[in-house]
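S.K.: Sequence:
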Amino acid sequence: MTNEHDNVEHYGLQWPGKSRAIENALSAPLGRLEVASEDNSKPLASTSHIFIEGDNLEALKLLRPEYLEQVKMIYIDPPYNTGKKFIYPDNFCSPDAAGSHKSPSARHSAWLNMMYPRLLVARDLLRPDGVFFVSIDDNEVHNLRVIMDEIFGPENFLAHIIWQHSVQPKGYAHTYSIHHNHILSYRKSDAHKISQLERTNQDNKAYSNPDNDPKGDWRHGDVRNSLFRPNLRYGIQTPSGKSIAPPKNGWRWSRETVQGKIDTGEIYFSNDETRILRKIYLIDQNGRTPETIWFGKDVGVSRDGAKELKSVFAGLLPFDTVKPMALIDRMMQVAGVSGDDLVLDFFAGSCTTAHAVLRAGQARFIVVQSPEPVNPSLPHGKAALSLHLETIADIGKARVKYALSQYDRKDSYTIYKISSRAD
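Position 307, counted from 1, in the sequence shown is what the numbering used here calls 297; the numbers after and before it change by one each time, with no gaps.
The set of hints was computed from the structure by calculation and includes no laboratory data.
One thing to keep in mind: the hints can contain errors.
Said to hold, decoys possible - DSS-like cross-link-like pairs, simulated, lysine-lysine; straight-line CA separation at most 27 Å:
#  : residue 1 : residue 2
1  : Lys297    : Lys287
2  : Lys300    : Lys400
3  : Lys195    : Lys232
4  : Lys160    : Lys372
5  : Lys297    : Lys205
6  : Lys183    : Lys287
7  : Lys300    : Lys372
8  : Lys400    : Lys297
9  : Lys300    : Lys391
10 : Lys238    : Lys160
11 : Lys287    : Lys300
12 : Lys238    : Lys251
13 : Lys407    : Lys391
14 : Lys205    : Lys195
15 : Lys160    : Lys297
16 : Lys372    : Lys400
17 : Lys251    : Lys232
18 : Lys407    : Lys372
19 : Lys287    : Lys195
20 : Lys297    : Lys391
21 : Lys251    : Lys205
22 : Lys300    : Lys160
Please take these sequences and the hints and turn them into a complete structure.
M.R.: Right, here's the structure in full:
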């Protein structure tokens, strides 16, 4: 039977394997969650923090019944598709698409087939007021933006953030020195409200009180409209009877609002009565609006992430491309994570997200990491093996255990693995 929508054209991104990727997202999970140790055996709903070892698509499907629309924030740092084979060879990918190096188009298709079903299922887990952050580099940011628009809706796009992940020049000849990664942010619905950042002394340095205003420190603000508004083009009469002509685009407010601000002293006249000036008071600033460039000095760089991981493992670095915890902190601040909110990371890696949640002393985490063997030919793989950590999941579990003891957390913590339903 032919679906009535089959012949309807929709805006979106098409690639080989997309229809099967969607089917895979909608299909039932093949395995089940099993507690890895009887020592920490607890049902899903009664444990504060959860580590799942196994394929993350299976894990997301298994979490869906229990955690449907329960997650406040999701952050993932997926593979960046730099030409290496993926460790997520989903069964719908053709051999040529699953990690083939034969063509860029095949690599893009393989990456999209890996990401699409995971994003589809993860969206179901977000609360209506939830928010999703995903890190990516230049190789797939354009494709990621399109599929995120498809899955979340373009109206739920929040920001394309640039994170300065390094400050040292790379020094390569005949190319640019890359110092950034991208972070795309989407909300589940308009129930999500962006939270303000805490103000710092640096944010407040422009405020002063040269005229002893009883309301306290202030700075000048603009009175001009950034857009052409002919209805806001009117003259303003000064105390001595002069008239101040409107700026080219008009004033920012109506005549009545401007007069109200003059009456309260928020707007005052220059000494020669040729201009109106506005005061923005520090006491009225509840926070700082998040910006779309996150500098390393504020949220850390990759070296900070490596340094933090070394502190866990006695100076050894068993994992590369480590995100700094301050970067996760910034996301949790903007997302408004608090109390016992749930934070999910299903490409957990070395478990920076889990560590950041535990350090913050609030919220709960669910992290998922496959038991991918470390690479013994690479320096970080050798470091991991010297610590008797044979998989990436082993590294993450060891870090979580360290963080729990470091912050003396008594929260319940359960490790699950994914086993076959036949087991």
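S.K.: Determine for every hint whether it applies to the structure shown.
M.R.: Hints versus structure:
no. : hint            : verdict
1   : Lys297 / Lys287 : 15 Å, holds
2   : Lys300 / Lys400 : 24 Å, holds
3   : Lys195 / Lys232 : 35 Å, violated
4   : Lys160 / Lys372 : 25 Å, holds
5   : Lys297 / Lys205 : 45 Å, violated
6   : Lys183 / Lys287 : 26 Å, holds
7   : Lys300 / Lys372 : 14 Å, holds
8   : Lys400 / Lys297 : 26 Å, holds
9   : Lys300 / Lys391 : 15 Å, holds
10  : Lys238 / Lys160 : 46 Å, violated
11  : Lys287 / Lys300 : 20 Å, holds
12  : Lys238 / Lys251 : 21 Å, holds
13  : Lys407 / Lys391 : 17 Å, holds
14  : Lys205 / Lys195 : 17 Å, holds
15  : Lys160 / Lys297 : 19 Å, holds
16  : Lys372 / Lys400 : 33 Å, violated
17  : Lys251 / Lys232 : 18 Å, holds
18  : Lys407 / Lys372 : 25 Å, holds
19  : Lys287 / Lys195 : 18 Å, holds
20  : Lys297 / Lys391 : 18 Å, holds
21  : Lys251 / Lys205 : 14 Å, holds
22  : Lys300 / Lys160 : 23 Å, holds
Taken one by one, the earlier hints fail for this structure at numbers 3, 5, 10, 16, listed in ascending order.
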